[in-house]
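Chemist: Residue strings, one per chain:
There are 2 protein chains.
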Amino acid sequence: MKKVKAYKDLSIEELKALKEELELRFDEVKAKRLNLDMSRGKPSAAQLDLAMGMMDVLNSEASLMCEEGVDCRNYGVLDGIREAKQLLADMMEVPKDNIVIFGNSTLNIMYDTIARSMTHGVMGSTPWCKLDKVKFLCPVPGYDRHFAITEHFGIEMINVPMTLDGPDMDMVEALVSSDDSIKGIWCVPKYSNPQGITYSDRTVQRFARLKPAAKDFRIFWDNAYGIHHLYEEKQDWLPEILMQCKMEGNPDMVYKFTSTSKVSFPGSGLAAMAASKANLVAIREQMKIQTIGHDKVNQLRHARFYGDIHGMVEHMKKHADILRPKFETVLSVLERELGGLEIGSWLEPRGGYFISFDALEGCAKAIVAKAKEAGLIMTGAGATFPYGKDPKDSNIRIAPSYPTPEELAVAADIFVLSVKLVSIDKILKEKTA
Amino acid sequence: MKKVKAYKDLSIEELKALKEELELRFDEVKAKRLNLDMSRGKPSAAQLDLAMGMMDVLNSEASLMCEEGVDCRNYGVLDGIREAKQLLADMMEVPKDNIVIFGNSTLNIMYDTIARSMTHGVMGSTPWCKLDKVKFLCPVPGYDRHFAITEHFGIEMINVPMTLDGPDMDMVEALVSSDDSIKGIWCVPKYSNPQGITYSDRTVQRFARLKPAAKDFRIFWDNAYGIHHLYEEKQDWLPEILMQCKMEGNPDMVYKFTSTSKVSFPGSGLAAMAASKANLVAIREQMKIQTIGHDKVNQLRHARFYGDIHGMVEHMKKHADILRPKFETVLSVLERELGGLEIGSWLEPRGGYFISFDALEGCAKAIVAKAKEAGLIMTGAGATFPYGKDPKDSNIRIAPSYPTPEELAVAADIFVLSVKLVSIDKILKEKTA
Numbered sequence: 001m002k003k004v005k006a007y008k009d010l011s012i013e014e015l016k017a018l019k020e021e022l023e024l025r026f027d028e029v030k031a032k033r034l035n036l037d038m039s040r041g042k043p044s045a046a047q048l049d050l051a052m053g054m055m056d057v058l059n060s061e062a063s064l065m066c067e068e069g070v071d072c073r074n075y076g077v078l079d080g081i082r083e084a085k086q087l088l089a090d091m092m093e094v095p096k097d098n099i100v101i102f103g104n105s106t107l108n109i110m111y112d113t114i115a116r117s118m119t120h121g122v123m124g125s126t127p128w129c130k131l132d133k134v135k136f137l138c139p140v141p142g143y144d145r146h147f148a149i150t151e152h153f154g155i156e157m158i159n160v161p162m163t164l165d166g167p168d169m170d171m172v173e174a175l176v177s178s179d180d181s182i183k184g185i186w187c188v189p190k191y192s193n194p195q196g197i198t199y200s201d202r203t204v205q206r207f208a209r210l211k212p213a214a215k216d217f218r219i220f221w222d223n224a225y226g227i228h229h230l231y232e233e234k235q236d237w238l239p240e241i242l243m244q245c246k247m248e249g250n251p252d253m254v255y256k257f258t259s260t261s262k263v264s265f266p267g268s269g270l271a272a273m274a275a276s277k278a279n280l281v282a283i284r285e286q287m288k289i290q291t292i293g294h295d296k297v298n299q300l301r302h303a304r305f306y307g308d309i310h311g312m313v314e315h316m317k318k319h320a321d322i323l324r325p326k327f328e329t330v331l332s333v334l335e336r337e338l339g340g341l342e343i344g345s346w347l348e349p350r351g352g353y354f355i356s357f358d359a360l361e362g363c364a365k366a367i368v369a370k371a372k373e374a375g376l377i378m379t380g381a382g383a384t385f386p387y388g389k390d391p392k393d394s395n396i397r398i399a400p401s402y403p404t405p406e407e408l409a410v411a412a413d414i415f416v417l418s419v420k421l422v423s424i425d426k427i428l429k430e431k432t433a
Numbered sequence: 434m435k436k437v438k439a440y441k442d443l444s445i446e447e448l449k450a451l452k453e454e455l456e457l458r459f460d461e462v463k464a465k466r467l468n469l470d471m472s473r474g475k476p477s478a479a480q481l482d483l484a485m486g487m488m489d490v491l492n493s494e495a496s497l498m499c500e501e502g503v504d505c506r507n508y509g510v511l512d513g514i515r516e517a518k519q520l521l522a523d524m525m526e527v528p529k530d531n532i533v534i535f536g537n538s539t540l541n542i543m544y545d546t547i548a549r550s551m552t553h554g555v556m557g558s559t560p561w562c563k564l565d566k567v568k569f570l571c572p573v574p575g576y577d578r579h580f581a582i583t584e585h586f587g588i589e590m591i592n593v594p595m596t597l598d599g600p601d602m603d604m605v606e607a608l609v610s611s612d613d614s615i616k617g618i619w620c621v622p623k624y625s626n627p628q629g630i631t632y633s634d635r636t637v638q639r640f641a642r643l644k645p646a647a648k649d650f651r652i653f654w655d656n657a658y659g660i661h662h663l664y665e666e667k668q669d670w671l672p673e674i675l676m677q678c679k680m681e682g683n684p685d686m687v688y689k690f691t692s693t694s695k696v697s698f699p700g701s702g703l704a705a706m707a708a709s710k711a712n713l714v715a716i717r718e719q720m721k722i723q724t725i726g727h728d729k730v731n732q733l734r735h736a737r738f739y740g741d742i743h744g745m746v747e748h749m750k751k752h753a754d755i756l757r758p759k760f761e762t763v764l765s766v767l768e769r770e771l772g773g774l775e776i777g778s779w780l781e782p783r784g785g786y787f788i789s790f791d792a793l794e795g796c797a798k799a800i801v802a803k804a805k806e807a808g809l810i811m812t813g814a815g816a817t818f819p820y821g822k823d824p825k826d827s828n829i830r831i832a833p834s835y836p837t838p839e840e841l842a843v844a845a846d847i848f849v850l851s852v853k854l855v856s857i858d859k860i861l862k863e864k865t866a
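Heads up: the protein sequence lines correspond to chains V and W, in order. Here the first sequence is numbered in our numbering, starting from 1 and rising by one per residue. Here the second sequence is numbered in our numbering, starting from 434 and rising by one per residue.
Treat each hint with caution, since some may be false.
[Claimed, not checked] Calculated cross-link-like contacts (lysine to any residue; reagent style SDA-like; alpha-carbon spacing at most 25 Å):
1. W:Lys-721 <-> V:Ser-44
2. W:Lys-563 <-> V:His-310
3. V:Lys-389 <-> V:Ile-158
4. W:Lys-566 <-> W:Gly-821
To be clear, the hints were calculated from the coordinates, so they are not data collected in a lab.
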């Protein structure tokens, strides 16, 4: 067992000596003028190569007729061709009649869902733009682009702390049942962004049992990482929310989203929404005004490439083989360099795209800035909170997917160096105050 | 010269005899239980085949790096890759800095543009949803899906009659300059839907010189058929509206839209908007909340397949070769069967996708219903007017693109038979009243 002393237990002299030593090492790295990026959950080139076969599936000799006999090259089919619906329905673990395929991005679907609620309400409710106040619950830390949507529409965001079982459900229940201006909650229920937490069975059940004061309250269930495991034998399981809500007599309370952005190609994949039939009837009413239909050729390309959900699951194992060592590299550097120092904590996710790091209070911004000095771009501190404001200035999202393994080892070293230096400054300041 | 007598000049007996004869012919056609569709502007399979080479342009061996060095398979590039922007900018006759590429559909862009104006206003103006009244001018006959968008948002639509030079500009000028609740006008300026009229140079100039009472008034310039000529040597020309507006000191007054839906594949093409830089700055502010980016792989596929605008122009000649005989078939049947009868009028478009037919007042619905009896689906009568209400019940849109030439000859025959029968009924009724 490694013998380490927590930084807070070091003397001022020890801290100063350590700082000097670490600064030398930091300057060495800085001198390399590196350019590394751990800021966004982007797949690496090696992962994208996995789906290149998709480029050959449809060639000029291929028939572009889909199962229902429609020429995918022409207009028609509002909400997705049958074989693509089957594939995405299986991916979402729902019947295919409960899904609608949209364009290339769940972000776009979620934005449009809120935009529609603003101008037309939800299944006949008052348009949100006509209300004095609309609020959303935001489990934190969470996904910055979710929060950006609600902020864009002037929706007030209320932080709800995450626990290891998901959002604090006592708080969610109390708020949702008492305040009818609360219209929704952002959830990434599996391998959450950024913590990699999967909501517990009990949390999902409590979601399904919510008794919202607002009839037009919806759970925005962004299951972005539903099949994005890192370990074949050590994966997380999540109860299917549509069925849970149906069982609890709340069939219309949830919108579920997923995409193949991190299965095939980000920006050139398929995105879908799953919901009750009543929700989908209302949504199609608006959808048919907005579009004649989305890209069926790309739907067909995906369906033919993966064949079925088993093909997709097998494909995801290849992603895992590329991602797993990257996560393990970062986690082992964190453990080796920061374990026992009591200047930060993190979780070990079993899937998804992120590692969430909690620094000492008041240190996150400084750590991200420090890392940048040495050429490492991290997600901006605060980004994981509504309005970009982390009340403790503590959370940092680490995205290990994009850099090569070699880059990643260097990047992780820069990160821990930055954490150490900033933490020492804070502790020194406290000790000398 | 054919000697024909106008129906109105026939005696009651002549009309009754003619009706009997036509009814026999109609019953013969009806007995064939045909299933023909002239309802929508869908390209035919032969036209779609023209672009099948696009399926081979990107294969698993191809580099998917675009000119600016971005991997098109990954996230990034909000508003379009450079080579696709160049292609669509040339198609739209504007500088490439004045365009943004969106997804697969201009309808979707136009919908989103109105939705954004509803919730966020236009370049800082009051959101339209906060106003008591918002109105749009609708040149009629026009495109049903335009009208559906404004109707969906509760925007009051005001009919403006079309002339052979475009919308009645006296009326447009008077309304736009006096009523600040008028926020926009729908235009299909070239080979208009459904009449195939191209706005005159003077009309475009008058548009550019508008002095709107509302600062957030925008011309929605849907140049859907900009390069969709039927005749190489007999094409229409249209002044470029962005430049005209700039020259007149109204640079921000217009949004221009186009897509490759009827160039490559409907639903799997590219759609773009052109506007002043100030407009695009405001639009990108919202766009970056809604999406990380659209399908760059498809953008690259289009750019590589067409090469440049010349390649696209050459491609459009092949479309014309397929469409021209279809238009000529319908027009020759109309002329042969209805010329001189004074029971309908039509124009001979030089491009676009439609022929517009004006029946005797009060006859359009009945003609469409009659055609349906014999298995011919036409666009619903009234569809070319806001709220589906043609005040004269006169206009019928004919879409000759989708059927084969053989089907089209039969379809045209059914149509003229239906026109004759319904018109005789009307005239008989008037004569015997």
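Chemist: With reference to the structure, classify each hint as holding or not holding.
Modeler: Okay, the hints, checked on the actual structure:
no.	hint	verdict
1	W:Lys-721 <-> V:Ser-44	holds, 22 Å
2	W:Lys-563 <-> V:His-310	violated, 50 Å
3	V:Lys-389 <-> V:Ile-158	holds, 12 Å
4	W:Lys-566 <-> W:Gly-821	holds, 21 Å
Comparing the model with each earlier hint shows a violation of hint 2 alone; every other hint is respected.
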